[in-house]
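2 protein chains.
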Amino acid sequence: MNIPLIARQLGLLLIVMSASILAVAAWSCLRVMLGDSGESAALRALMTTVALGGLAGAALWFGPPRRSEAIGRREAILLVAMSWFIGAALGALPFRLWPAYGGTEFAGHPFADYVNCYFETMSGLTTTGATVLTDIEALPRSLLLWRALTHWLGGLGIVVLFVAVLPILGVGGKRLFRVEAAGPTPDGVTPRIQETARVLWLIYLGLTVAEIIALRVVGMGWFDSVCHTFATLATGGFSNHNASVAGYRSAGVDLVILVFMVAAGVNFGLYFQLLRRRWKSVVGDPELRCYLGIILIGTIVVAWSVHGQAYNTTTGEAAASDIGSTLRYSAFQVVGVQTTTGFCTADFDQWPFVAKGVMLALMFIGGSAGSTGGGLKVIRCLMAVKIMWAELEHVFKPQVVRPIKIGKVTVDQDLKHSTVVYILGVVVLVFLGAAALMVLERGSSIDATTSVTASIATLNNIGPGLARVGATCNYGWFTAESKWLMSVLMALGRLEVLTVIVLFAPRFWRSD
Amino acid sequence: MNIPLIARQLGLLLIVMSASILAVAAWSCLRVMLGDSGESAALRALMTTVALGGLAGAALWFGPPRRSEAIGRREAILLVAMSWFIGAALGALPFRLWPAYGGTEFAGHPFADYVNCYFETMSGLTTTGATVLTDIEALPRSLLLWRALTHWLGGLGIVVLFVAVLPILGVGGKRLFRVEAAGPTPDGVTPRIQETARVLWLIYLGLTVAEIIALRVVGMGWFDSVCHTFATLATGGFSNHNASVAGYRSAGVDLVILVFMVAAGVNFGLYFQLLRRRWKSVVGDPELRCYLGIILIGTIVVAWSVHGQAYNTTTGEAAASDIGSTLRYSAFQVVGVQTTTGFCTADFDQWPFVAKGVMLALMFIGGSAGSTGGGLKVIRCLMAVKIMWAELEHVFKPQVVRPIKIGKVTVDQDLKHSTVVYILGVVVLVFLGAAALMVLERGSSIDATTSVTASIATLNNIGPGLARVGATCNYGWFTAESKWLMSVLMALGRLEVLTVIVLFAPRFWRSD
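For the record, the sequence lines run as chains C and Y. Just so you know, the numbering used here puts 436 at position 418 of the first sequence, and the rest follows in order with no gaps. Just so you know, the numbering used here puts 25 at position 7 of the second sequence, and the rest follows in order with no gaps.
Only chain C is shown next, with the shape it has when bound in the complex:
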């Protein structure tokens, strides 16, 4: 295990994060100079974090001896997993220091407890979007910006990680990419990865600029446009409003965010193909078709189930019940949950059972592979359905061996096996998570729906669940132990489970 190399890479991560926080601090400084007195405590918190993070990063970068630069599979896995946990630890500092510098008036603020800050930052970096805050709007603007920026950094990290870096290491991503004709298939040459990462970064940036402008055009302010764009493209879900996106009461805002949520749930490799004008491979991509089909069917079923029922928007007002409004709220919630963004406009916890059942199913499916979305991923679900169907046929026609195809590519035995094992593993983890939450919350009256959906919503990086973690609720009421556990679940989900769990296997650490 090349520990010095890992330490140096983690140092680099801390430096990059400190630089991002410095950018936020600069903007905060500008606001202070323009007379925003509410920002001064936040500015001090941000600058302290930059100093601490920069020092620690520099120590880790320059400290360890520069020996071999070769990075093995185990080093890479350890590095990726640790990056998320250590990144969240640093990113939580501005939140924690702000009430400390703000004086006694902030003594009761959720952020006066470090576990809340860690949960919020992990939720941001993993693009989950679950919050511990009841009154989001009371936060200084610079902290709102940093909160949204954690989404954007996490989303970018994931895209680069899963589309460009991990396939080379043969972890997670590669197994999915082998069956995706349309996706980029990096050949393991370093210049190629860097090129891919660069293009993906540009695509992400392009989408970001496009959404900021689109949101501004439909009437949102610049600041909120930037924050909501970060949260949308990373499929995160942090909003600057307590009532989430419904707070704008604007069909235009809903529509723009809806469109970009759908865009964020698409395999970013397809945008790569679009740039190369390979229209055919984009249009014919089986995962894209399946993904859009699920959104369409989900919206129709939910709209049918919800139509004529009384329910509130997340602002607490009664939702209009005409067909247009029904479609608007149904589509937004379906896309919000399916892409694992978690933005809400309607309180779907009040919806009839059929609609809630569809939402629950969508929570598991998630976005496309190679997108910023979480969940099981559309292509895995598509494969699982085909595998189960083949198994059924195998019972009465054992002599027929029908290869399983995704598009024109035949899925090999290994990939079939690991897909089914992965899905089963996630189901098992959801239940272990829910059971652990019930044990940890024994004092308060947590019900089965809350514990199971909280486990799903954090493990699949969605944000809202049902019942006490529903669209209009938050995670602030959980015990500290539960929040630590859910922070781990979020990291597990973001790194596709195996990357984190292998760290607990004794064999991983053996030197052979």
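Do not rely on the hints blindly, as some may be mistaken.
One copy or any two copies: either way a pair holds, since identical chains are not told apart in the list.
When the alpha-carbon atoms are kept at most 16 Å apart in a straight line, the in silico EDC-like pairs for lysine to aspartate or glutamate are as follows [claimed, not checked]:
1) Lys423 / Asp54
2) Lys404 / Glu213
3) Lys298 / Asp131
4) Lys404 / Asp430
5) Lys423 / Glu409
6) Lys298 / Asp340
7) Lys426 / Glu93
8) Lys298 / Glu459
9) Lys423 / Glu459
10) Lys298 / Asp54
11) Lys415 / Glu123
No wet-lab data here; the hints were simulated from the structure. Keep in mind the model is a prediction, meaning the values are calculated, not measured.
Start from chain C and add chain Y according to the hints.
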């Protein structure tokens, strides 16, 4: 598709069932002659059923042309699946006819509705043990006997089917038996199957006689001994008492039933080996060790969690809280649920969360393959754990290919794959079942715990679940639609899912 052959075999089934009902009727007749006036309506109901079943059976047996006697794979699957549905349809008749013949006083009895009778009979034949009755003790004794006998017939059918017949056809059982060194491995020669079936039948009969005597010795009456023996060895769970086994308030009865429940959850092939004095292969059987280990660990964890807590026995009295009683109630509930028998002495719905969590996990695991128990089966769970562990190691050491072994036998790729797919399929079915129950029960306030555990308890052939289908509750309050659905779930579970589901695959019916 050789329809005439299937019709004739179903005719044979009806004749055999009618003969069993005739035996019950003879006993009922004896009781009427001895002056039991409550039996007269039941006797008429039983005799009418014998006449109808005998006629229908004879018509099906003699009617269709005797052409080829060759039975293909598809015919066998269709026959097995239809046997359960048609058997339940005939077996439900005595229950339905009894209130009809009994006059107006029975107008409000649950059995005045055919769906309740069908549910009860399917629950009996599939050895589930879920009842629709609130007052079981009010039933005439002959109907109680028939109710228990459906368990025994179903249990016998399953043992013969899964240990002797299905492996030949390559359905379900075989896939499991291929890895069981200790189990009998029939070679596909007909005389061999018949011999195997005969020996298994004798083992089943021997265990039956042994338990009846043992129960009589600890003070249970002959009639109750017979009925409870039928329910124990089939891992059914119908009791003659409203309070289930706790109604006897006897530690001796608890102990005898506990021991025979454990015995019924063991692979019957192992008794075969015992008779041949192959001690080593029995003691070294990995599934047996795992099965007993789960019971032991489950009991310890539950006892630890329950100790010192207040809860009632199923009679409604407070359970004693000394260590002996805690162990007695913990072990009985753990074995009752793990073997999927479903006998209860304590109301585990009142237990603390940890104990309920363990019970829920045990509901999924179930008994051993080739036993009368339901659930996923111990060996499948054992395999799944090993497979997931191997997948984990595969992430950081892709070059290492470690074969998965159960005992000394290496599990091949096909079996690994079908095991994981099977487990995933059951999980999906549990949720589809729970969702369907919620939709069907929309009027009444069915909660998530009730619908999920009702789905598990019927699909895994257990009987009691949690909340409104808990140890002291029954299934009478569900709507007729839900009862039909759960009848199908019970049959699905009993036939290991695939046998029934393939009937819905269009390709199954195509003649190619």
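Checklist entry - Hint by hint, which ones does the structure fall short of? => result 1, 2, 3, 6, 7, 8, 9, 10, 11
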